[in-house]
Structure formats: C-alpha cells, structure tokens
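Enquirer: Residue numbers (the numbering used here), protein chains in the order written: chain A, 1 to 248; chain B, 1001 to 1309.
Keep in mind the hints are simulated off the structure, nothing from the lab. Treat the hints loosely; a few may be bogus.
[To be verified] EDC-like cross-link-like pairs, simulated, lysine to aspartate or glutamate; straight-line CA separation at most 20 Å:
id : chain 1 : residue 1 : chain 2 : residue 2
1  : A       : K97       : B       : E1071
2  : B       : K1133     : B       : D1116
3  : A       : K97       : B       : D1100
Here the structure is a predicted model, which is why all the values come from computation and not from measurement.
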Amino acid sequence: MRNIWTIARREYRHYFTSPIAYIAALLALLTVGIYFVVIIYYLTNQSYYSNSAPGIDIVIGPLATVFLFATPALTMRLLADEQRMGTLELLLTTPIKDGELVVGKWLGAFLFMLTIIAITLVYPIVLNKLTSPGIDQGVMISAYIAIILLSAVFLAIGTAMSSFFNNQFAAFFATLAVLILFWWLIRLPTYIIQNDSINNIFNYLDLNGRFNSMVAGTMSISDVIYPISLTALGLFLSAAAVEIRRWR
Amino acid sequence: MIRAIGLTKDYGSRRAIENLTFEAKQGEVVGFLGPNGAGKTTTMRILTGYMPPTYGSAQVAGFDVISESLEVRRRVGYLPETVPLYPEMTVYEYLKFMADLRHLPNGDDMIDAALDLVQMENRADGYISNLSKGMRQRVGLAQALLHRPEVLILDEPTIGLDPAQVVEFRNTVREVGKERTVLLSTHILSEAQQLCDRVLIINKGRIVAEDTPENLQARLVGAEHVILRVKGEADDLLPIITKIDGVQNAKLQPDGSLEFQFAPTADVRPAVARATIEAGYDLLEFQPVGLSLEEIFLQLTQDNTRMER
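Assemble the whole structure, with the sequences as input and the hints as a guide.
Expert: Encoded structure:
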C-alpha cells in the first residue's frame, strides 16, 4: 500500500508540471462550461421546454466524451516514458512489486481525474439554485459514481496500453482505439444480430449504455461490478506487461 | 557479496553473456572491463534484479536474484548507465521519492549523508533539469548510496565526466568501497587499474581474464612501447637507434617519428636520448604508448588459445 501511495503521489504531482495535463484539464472544464451555459441559456429562453428542468446529465454527459480523448493524453507516458528516460530500470530495481508500480501509476492519474471531476461539483450547486425544487440528489450521486467509475476504467485501459508500448504516441492511439471500441463500437452488432442471448453479451460489455442509465439515475449491481472488473483486468494486464519486459 | 554461477542470457537468438562465473567479496572493488556490447550491462541488470538470467544463478548479499529478488533489491545500490532521473523534480524531491520507495525510517538524514558523500549538499533544492552532466551523475550516485547498500553496482559511472570530476568520483567510490562490495564497469583500462582490487575482463559475453590490476599489467605488458619524436624527419636516426643494446622492433612511423620497444627491466631511453643528440637531432619527446583495449583482448585471447594448446 505504502509503495503504491509513493508512486501515485509522484505521478499526481507530475501532472501539475506537465502542459499536456493542463491542456486536458482545460479542455474538459471548458467544454463542460460552454455546454452548460449554452443549455441553460437555451432552456431559459424556450418557454415550451420549461416543463423539463435541466438535470446533472448536461454536465456529466459531455464530461465523459471529453474524458474519452483526455485519457490517452494523460496515460500515454505513464510507463512508456519511464522506459524512454531509463527510470523504469530504476523503479524495477527498487524493492517494489510490479503490481504496486502499475497500480500506483494508475492511482496517480485517477487522482488527477478526480480533481477535474471535483471542480465540476460547482455545476450541481448552480443547477440546484436555478431549478425548483432543486435537482434530484439521488440522480446526482448516481451520475457522479458513473463518471468516477468510467474514469477508473478509461485510465486502467490507458495504463495497460502505456505498458504495452515503448512509444508514447503508439500508446496514445492504442488507448483511443480501445476506448472507442468500448464506448461506441461494441453495441453496434446488436443492431444487426437478431439473437437476444448474443446481444445480451454486447449490451453487458457496452460501457456507454451502462453509463447513460446511471446518469439517468438507475443503477444495478452489474453497472458497478463491470467497470471495476474491467479496471482490475487493465491493471492486471499492465503488471503482466511489465513482468514480460523483464524477461525479454 | 556477489556470487554468480554460470550466468547466461539470451535476447531472442542472440547470446549476450555466456556462462559467467565470478565472485566479489565484501570490501572488494571489482571492475568489469570490456568494450561496448561485451555484456557488462546485461550482467549488472541480472545482479540488480532487473531481469532474470536465461540460465545460471546468482546470489547478491546472500539472496538469490531470481527467487528473492525483492530482498536483493533492498540491499543493492544501482547506478545504471543512463542515469535515471526525473528532470522536473528537485534533487531533494528525487532522493525523497527514492527514500520513500525504500522505506527509509530517517530519510532526511540519509539524504543529507548521501548528498554529503557526493558533495552536492548545497544543490538539494535545485531542479535536476538545470544540472550539468557531472552533477546529474553525482545525483545518480547519491541515489545508489542513499540506503547504505551492502552491494553497490555502477554501470560506466565515469562516462561523460570531465577529468576533474572523474578524480572526485574515483575518490568517492574508493571511500564507500571500503566496507561494501562494489562492482563497476568501465571500458577504460587505466580506470580499472586505479580503482579496482580485481579486474574481470569480459569480451563477447565471456570472461577472458580475471586478476589483480598489477598481475594483469605484468601479464599484458611484455615490453614497453615508446614513440620518439625529433625535430624534422628521423630517417637517418633509425640505423643508429637500432644498434643500441636493448632496443627492439625499431621502425619509422609515417609521420616521421620513430617507434621502438624495450624490456621493462632495461630502460634504454637515456641511451637513446644521448645517441639522438650526438647524431645532431633535436629531441622533442618520448611518448609512451599504452595498450588499447582491443590490443589487450587480442593479447588475452591469444594467451588463452596458447594455454589451451
């Protein structure tokens, strides 16, 4: 635990010295901010729309889309860069386990993502003031759990890709490809295949569908278990990749 | 203590080291001497627990590098060839990070002590990105010394340092090597001679010689090798020098200087100098010619084949 925390703390601090992290954070917050303002402006000026009050989905929805692109930028250097700078050799000859290294790296990135998410907490406060009788607290909590779980999964996939490649850009595009697969492409077969039991598999794996239902306020046990297992799988593969590097 | 038995490492189909067996005791500074690509780094990476050998085994500080890797890593200080630093950190932050990873109880005191050893105590708050190559090397060494390891493994530690820094670095290594086991690699013969109690010469993944620097020197240097320079061409000097007792293999060099050898026991230089001046030449210099690493390997491998026969 202590080693994980040492690695995570360094990684978290590193983000505050890295222009890419600032750009990613700026992109996320700017997008959410503009989207929020435009939606609120639109809704307040459309009388026929006034019976549907804006919910937390107008914040969390765009945030998820931005995270899809921000994640590869935040994770691409996690292990690939250590390899390039020769510091991986240092870390792998200190008395820490490969798993601790990988989980620490992921945790540092996760804490940075949580920081961005924490900044968006101003929006539910504003929304609460704007609407009467205020926004649904349960839905808000469910939506925030959804975005936190989603960023955990995204970052674990990014960490794995960074451990597979020596090159940061290869890690970037591989991460983006896998995220797009899990976010947009995986449910496409269900539009073609008529077999329900096969479609159930694709629906189960579809991160987007689960995310949307949680943001809307309905949460099942598998909505929580699936992203946690996917995160664990990503971290396991990362640790395995680091181990394989040793044997090559 | 380091004990390697039959270490072999294959990268794919390429064999990097083959059947290396050697030992280094506590208080001993052992030098790994060999050209680039000889397998020095590979061996060190195995001993530090960075990667396992394909065949063979090794014990470092009493623990097996494969089955007790974490125990080994706890007791080894390692300075890789490319000094592993985080440029965006200060020297202190970097060492603090390493101290935390190694669970050092009184980290700050140990950081101060390590910085003191490498004479960087007043640069602790400087960013690593602003340090010169020599300073970075010292920070790397501080990192390796930080936890007062039983075994110190240094891969080409003096590469890229200027001569004054090299002298300082050697003093530091000699100082810390008194009560530790130090294994260092180099491709500079004189460095190995100055620093090490014992030298292992490695070429193409095999140990070709293992001895004290003095014995190695005696084995290698059958004859002193000198170049004589005079003002102008030395053409007419050659027959005169050749006649002097003890001068061997005298021959003219393309640049007009004269090269000759003599037995270490009978220094002919005074006689040659007198003869040169008597012949009306202006004597400029005697330049001793050291053996290059390539010549050493040539000589050693020839020795070995001769012995095998």
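Enquirer: Taking 20 Å as the top limit, are the C-alpha atoms of K97/A and D1100/B close enough?
Expert: It holds: about 14 Å lies between the C-alpha atoms, which stays within 20 Å.
Enquirer: For a C-alpha distance cap of 20 Å, please report whether K1133/B and D1116/B respect it.
Expert: Given that 20 Å is the threshold and the Cα spacing comes to 18 Å, the pair holds.
Enquirer: Holds or violated: are the alpha carbons of K97/A and E1071/B at most 20 Å from each other?
Expert: 11 Å, holds
Hint compliance for this structure: no hint is broken.
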